[in-house]
Amino acid sequence: MSTSPKILVFSTDKISDPGIDQAGLRKIHYAPSVYVISLPCSSGIKPRWIIHALEHGFDGVFIAADGHECSYSSRCAEHTNNIVEVSQELMKEKNINPRRVRMAALCSVCAEPFMNHMENYGKILAELPLTEKKEPPAPKGE
Amino acid sequence: MVLDSNSLKYMKERIGVYICHCGGNISDYVDVEELGKMFHKEENVIISKDVMFACADSNQKDMVKDIQENNLDAIVVCSCSPKLHLHTFKNVASRAGLNPSNYVQVNIREQCSWPHSDRPREATVKAAGLIRAGINRVSFSESLENIELSVKKTALVVGAGVAGMKAAIELAKSGNEVYLLEKDYFVGGRIAQKDSLFMSGQKGKDIVASLYEEIRKQPNITLFTGATIEKVSGSLGNFHIDIKVKPRFINGKADKQAVKRAMEECPVSVDDAFNMGLTKRKAIYKNYPEALPDVPVVEAGLLKDETDFVAKFASTLNMNEQDETLSFIVGSVLITTGFDNYQPKEGEFGYKTIDNVVTLPELNRLIELCPEKLVYKGKQIKTVAFIYCVGSRQKKGDNKYCSRQCCTSTIHTSLQLKEKYEKIQTYHVYRDIRTYGKQEILYAQSSKQGDLYFKYEDKELPLVELDGKSTILKVKDYLTSKQELEIEADLVVLVTGMVPREDSTHISELFKIPIGRDKFFNEIHPKLKPVETVIKGVYIGGTCQGPKNVSESVQSSLAGASKITALLKSGTVSVDPIIARVNADACTWCGKCAEVCDYTAIKEVEVDGKRIAAVNTAVCTGCGMCAPVCPVNAIEIAQYTDHEIESMIDGFMQEVQIREKEVNPEEVQEEGKVGMKEYPQVWKEILAGMTEEKNTIPQIIANSKIAGELVTFHLMTMNRYGVVVPAGMDAKEEYFYYKKK
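Same order as they appear, the protein sequences are chains A and B.
Counting from 1, one number per residue, gives the positions in the first sequence under this note's numbering.
Counting from 1, one number per residue, gives the positions in the second sequence under this note's numbering.
Source of the hints: derived by calculation from the structure; they are not laboratory data.
Cβ-to-Cβ under 7 Å is the rule here; a few derived chain A residues that face chain B:
no.: 1; residue: K14
no.: 2; residue: L25
no.: 3; residue: K27
no.: 4; residue: I37
no.: 5; residue: S74
In silico lysine-lysine, DSBU-like type, Cα no more than 35 Å apart, as pairs:
no.: 6; chain 1: B; residue 1: K153; chain 2: B; residue 2: K536
no.: 7; chain 1: A; residue 1: K27; chain 2: B; residue 2: K49
no.: 8; chain 1: B; residue 1: K592; chain 2: A; residue 2: K92
no.: 9; chain 1: B; residue 1: K684; chain 2: B; residue 2: K740
no.: 10; chain 1: B; residue 1: K400; chain 2: B; residue 2: K536
no.: 11; chain 1: B; residue 1: K377; chain 2: B; residue 2: K203
no.: 12; chain 1: A; residue 1: K27; chain 2: B; residue 2: K37
no.: 13; chain 1: A; residue 1: K27; chain 2: B; residue 2: K740
no.: 14; chain 1: B; residue 1: K260; chain 2: B; residue 2: K379
no.: 15; chain 1: B; residue 1: K83; chain 2: B; residue 2: K152
no.: 16; chain 1: B; residue 1: K90; chain 2: B; residue 2: K152
no.: 17; chain 1: A; residue 1: K123; chain 2: B; residue 2: K396
no.: 18; chain 1: A; residue 1: K27; chain 2: B; residue 2: K400
no.: 19; chain 1: B; residue 1: K420; chain 2: B; residue 2: K379
no.: 20; chain 1: B; residue 1: K684; chain 2: A; residue 2: K27
no.: 21; chain 1: A; residue 1: K27; chain 2: B; residue 2: K694
no.: 22; chain 1: A; residue 1: K27; chain 2: B; residue 2: K395
no.: 23; chain 1: A; residue 1: K27; chain 2: B; residue 2: K41
no.: 24; chain 1: A; residue 1: K27; chain 2: B; residue 2: K90
no.: 25; chain 1: B; residue 1: K474; chain 2: B; residue 2: K352
no.: 26; chain 1: B; residue 1: K527; chain 2: A; residue 2: K27
no.: 27; chain 1: B; residue 1: K12; chain 2: A; residue 2: K94
no.: 28; chain 1: B; residue 1: K741; chain 2: A; residue 2: K27
no.: 29; chain 1: B; residue 1: K153; chain 2: B; residue 2: K527
no.: 30; chain 1: A; residue 1: K27; chain 2: B; residue 2: K529
no.: 31; chain 1: A; residue 1: K123; chain 2: B; residue 2: K83
no.: 32; chain 1: B; residue 1: K183; chain 2: B; residue 2: K512
no.: 33; chain 1: B; residue 1: K400; chain 2: A; residue 2: K123
no.: 34; chain 1: A; residue 1: K27; chain 2: B; residue 2: K705
no.: 35; chain 1: A; residue 1: K27; chain 2: B; residue 2: K61
no.: 36; chain 1: B; residue 1: K732; chain 2: A; residue 2: K27
no.: 37; chain 1: A; residue 1: K27; chain 2: B; residue 2: K83
no.: 38; chain 1: B; residue 1: K438; chain 2: B; residue 2: K563
no.: 39; chain 1: B; residue 1: K519; chain 2: B; residue 2: K231
no.: 40; chain 1: B; residue 1: K739; chain 2: A; residue 2: K27
Note that CB positions come from ideal geometry on N, CA and C, so glycine has one too.
Taking the hints into account, I'd like the entire structure generated from these sequences.
The structure is reproduced here in structure tokens:
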């Protein structure tokens, strides 16, 4: 059975999820430990979902954002970036390496780029220490 | 309803799960039979079965029967991408009397069996996680009803160019009241500036005149010229529009001859913008003599010192006229505001710094103004050199896109030059020629008539230089091994593309239409929702959306008109319930959600003495941008609640015990580190179609009766797994032989 890092991908209904579908359609292989949840827009991802995933077995969360292609807002990339930053702050408090959340723009035909992202991110996650996210820091004063 | 953290309780207890084989597209790699049995054991799953084709009519009927007979309260279909069959199964739910919101589709084909066809066992484990996540999600699903809104059967069309005029006529013919708004004092937009349009060769002005005539015949079109939008409020069905109409300063009752005389005697002249500064016009003017509506306009500011002239024509001119502000309500809006021509910077290929460098739109005006000889600045033009892609496909600038109509427009102009004037030689210095479809005929004609083409690359741009009195165009021609050529040209024409209108940002802010990376208005989806914007009830057509030729502009605006007619026809519209909602108990109104909302869908309200956020259901797009910024987690999107998303995450991670199928050792192949417990069915059929000798792909297809593409694809995979091996090529060297290993 695969020991590839488990990656949760947040995709978007109109742009990046069709890109991920394209990878399947073209039989472009990526690790089966990649799971996808599609949302209307990447700027709607709650940091608590990212933390929930990392605390419940996922090794990393990848946000496949629409970037400038977003049909909802020209500020989508900015909003999504803020979500990543807020999540990383929360992750630091829980002693989770901030590299366990990552964001990149993915278009509706970006099949190969998706595979490359998964491969590269999988490698990055595999190299991170395994224990760090399981052990929160001891409370101050103890 | 927003659930609090203590009410983590499944809301659905009688779920039906259908796992699709999709022929073999899924079941060749994912053990769907085993999964069907596995989920049958779940507490709240009443039915769990594997089906050959979930989308087949027979299965849809079975599902309806299952839902009704077993009183199912939710269903999960595990098959292909939701983009294909989401609505198919939502309809199944509706037919069975189940609320379609209690349906979840799980994608185990595009996001499981196909991308993991190389690892079938792991694909099965992943599919189990995906299905469990789907079951978890549907367990928390709520029955949502579409939001019904009453709509006014009136449309606003913004921009009376060819796209807007044609759309207004169609909207009116379909029974809608139409307000057609034009910022300029005359209708027609850019095509009125074209003496000859490709491919028909028609005059732009003739098309404008015929459309105007049709508009006059439609009693339910109200045309406003010199009109701008001041304010937009409201939403789908009831947009409140405030417009400002600028006066023409012409007395409506004045005699036509007196108006004509005033135009002739007007003492003030300025550069004529319609003719791009090539001629002068009076302060009382029409864009061109036949411009419509057939009433001139006074540029009042230019006559402020001409008191004698104004006094002489006191009964003709009405210099005290004021701007008029009007308000009306419309159900839907079509934006057809068009484009601006790219304006080269000073010095760009000698523009404005060398006398005889003009743009293509300027040349088009010049051609119309020169009936017999082409003369520019007093000199007869015998040689014209075009430089293509000026301001388009920029590596460094903002305009990365191709303007798609300029190549054909240039070639059409080149043909027009040779037809209209004697002995003109044209040189075309291009990057790539894009005369797609029928327009290729013009390119062939141009080549045949002796036009000369030279290809440059973006990294080595042509140079326009003065050599004494001559203008020299230097180009490194990639068609002749990068030879450096010098062309002496009487006129250098910069083929400029389309850019978004200067006022498009203002329009975008008024209607909240998103702007794309190219700065044109953004549709929801270029293929599937090409004229819809994320703003409900607001559509885009023509070149405000991106470069188009005339016929493409009209096609898109007519598509917009059809969408509006369909939307408004019944007087009510049904809106998707997937929108934001506020937990009034938790909300403490900080305003952060309203700050990030691009659509002003969130407002502060007072409920029982408490100030909280409220969502305008008609305006909210359901993007979800407001949810992550709430510091007290008091806002969420229906169908994307914390329970639904977090339970999906838990579902992915839940441990899966998949029973191994009993394995026949003879059927198992090992290749490298990959083990396979059984060949997929399609492999068995391919092997059955192979003789013991070597076989070509066409022979295998004929023997196995499997689709050609499938055989080709699977043989490659079978080769990788060592099930078959290539055995040379046939005598004609057309096909590889394969043989069983």
